[in-house]
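J.: Line by line, the protein sequences give chains Y and S. With the first letter of the first sequence counted as 1, position 95 gets the number 95 in the numbering used here; the numbers rise by one all the way through. Counting from 1 along the second sequence, just add 1000 to a position and that's the residue number in the numbering used here.
Errors might be hidden in some of the hints.
To be verified - Computed Cβ-Cβ distance ranges for the label pairs, DEER-style:
1) Y/Lys71 with S/Asn1137: 27 to 35 angstroms
2) S/Asn1059 with Y/Ser74: 49 to 57 angstroms
3) S/Lys1036 with Y/Leu111: 18 to 26 angstroms
4) Y/Thr192 with S/Gly1119: 40 to 48 angstroms
5) S/Lys1129 with Y/Lys127: 38 to 46 angstroms
6) S/Glu1034 with Y/Asp73: 40 to 48 angstroms
7) S/Gly1119 with Y/Asn30: 48 to 56 angstroms
8) S/Glu1050 with Y/Lys222: 35 to 43 angstroms
9) Y/Pro240 with S/Lys1129: 25 to 33 angstroms
10) Y/Thr134 with S/Thr1005: 54 to 62 angstroms
Derived from the structure by calculation, the hints contain no laboratory data. C-beta: ideal position from N, C-alpha, C; glycine also.
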Amino acid sequence: MKSKSYIVLWNFLIMVTLNTITVFGQNSGNGKLNGVVQIDTSWSSDIYLSYIPTFSDITSMSSEMIIADAKIDSLGYFEFDLDFLPNEQRLYRLHISKKEDSKNSLIIGGLNENYLVFIANRDSKIKLKGTSLTPPFKNVIFETQNENFEFQKITHLVFKKDSIASKSGRSKRKFIEERLNEKLLHIADSSTNSLISLYALHKIDFESNYPLNENFYENYLKKWSHRDDGYSEDFRKKLPLKMPKYNWPFIISLGIILTILGYVIGKYNLFKNNRINNLTVQERKVLDLLKEGATNKEISEEFNIGISTVKSHVSSILTKLKVKSRKEIMNLK
Amino acid sequence: MKNRTILLLFTLLLSITTFAQTQNNQAESNQATEFKFQRNIQLKDCKENEEITISIAENTKEFKLMIDTSVSEGKVIVEIYDSNAKKQGVFSVGTQLNVQNSELAKGTINKALLEPQAGNWKVKIISTKAKGIITINTLSWL
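Just chain Y, with the same shape it has in the complex (with noise of 0.2 angstroms):
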């Protein structure tokens, strides 16, 4: 009977253990980013991992976004763990720097460009190669199969664009824009995650182009409506939105009626204050005792009359004022 207990005891335990290790696995997360980066001896060997929370901040460097560091060797190899990010995928950038250079420096454009934006989580699996010398970023492979396979083919496209609208004239570099353009404009509509779908629609510059496609944007918004992380809410802050249409003869033509109607109501007062003018001063008097509801006795011995006096008053106030009673003195103003 004991040793029965016992047995029971032993695999409670080791239920409650499996099931900790099991839960445990799943919050903490197992991300790594790992990779290879080609880098001459001007570049120095620490590699910055900062967090990007907004598309604008993809330019911005302040060492409040850095959140890791990591050194790379001298075959180039770096790597980080990503079990410390949120569960939610958001942006990252990974950045070096020159060796006379500060670790928060940010070089854009340029054979010196010393950045690469990429999304994860704290279960992603990445591992990178850099395949140029200058910039060492410019074009980096993706080796294990996700989301910034389609992420990094925004980039590439916009490098190459970048690489080819600088040796090209104006008239050409339209065209390539346009292209451009529409490659990004598909990528954003046909891609299933937001973050990649958000980033092409920053890479077109959606704030000048919002209003070459209007109904897209409209179905966009309505598409994505449901996402209410950072980087949507600033694209919809920033997005230019055209001012709802109003049914403008219909307001024009109730601002006529209204105007017309106060000016009614404004000659009807003006009538009542006509009459009034046409009152005795004796009668003003008795008139403000009327409006307060006092009685011909009460307004007698206000002034000193005799009661009939005080019904002469009455009477021709309600003839001078068009009323019929005493009660509709009191409801005067």
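Model the placement of chain S on the given structure of chain Y, informed by the hints.
T.: Same frame as chain Y, but now just chain S:
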């Protein structure tokens, strides 16, 4: 016979000299005119928003722009607009607030274009309590 050889050599020498001179003149006439522009802006003296105009002449064949920003305090945003007011680039650099001995933050942008849009390009500098320096370098060839 000797005189004839001398005359032939002289004529040959003269032809070579004339040809070399013509080539030299042609090369000189093909050389493009280069324009350089440099401006340094101390960010402690910078107004909150400052705008630098860069004029690009008609028929400019090539244009290169490099903006180098180094900040020791505060934050600065640099925006580049072409003569059609189209944004051609933007970046920002900043340091952490209330941190002593904070490191420098640097941002550099490079742009190179053939046949750029002629007119007045603008570099907008939006500074928030920033201390540092911005260097704008341009090179253009006519």
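J.: A separate judgement is required for each hint: does it hold in the structure or not?
T.: Comparing the hints with the structure gives:
{"no.": "1", "hint": "Y/Lys71 with S/Asn1137: 27 to 35 angstroms", "in the structure": "holds, 33 angstroms"}
{"no.": "2", "hint": "S/Asn1059 with Y/Ser74: 49 to 57 angstroms", "in the structure": "holds, 50 angstroms"}
{"no.": "3", "hint": "S/Lys1036 with Y/Leu111: 18 to 26 angstroms", "in the structure": "holds, 20 angstroms"}
{"no.": "4", "hint": "Y/Thr192 with S/Gly1119: 40 to 48 angstroms", "in the structure": "holds, 42 angstroms"}
{"no.": "5", "hint": "S/Lys1129 with Y/Lys127: 38 to 46 angstroms", "in the structure": "holds, 42 angstroms"}
{"no.": "6", "hint": "S/Glu1034 with Y/Asp73: 40 to 48 angstroms", "in the structure": "holds, 43 angstroms"}
{"no.": "7", "hint": "S/Gly1119 with Y/Asn30: 48 to 56 angstroms", "in the structure": "holds, 55 angstroms"}
{"no.": "8", "hint": "S/Glu1050 with Y/Lys222: 35 to 43 angstroms", "in the structure": "holds, 41 angstroms"}
{"no.": "9", "hint": "Y/Pro240 with S/Lys1129: 25 to 33 angstroms", "in the structure": "holds, 29 angstroms"}
{"no.": "10", "hint": "Y/Thr134 with S/Thr1005: 54 to 62 angstroms", "in the structure": "holds, 57 angstroms"}
Checked against the numbered hints given earlier, the structure satisfies every one of them.
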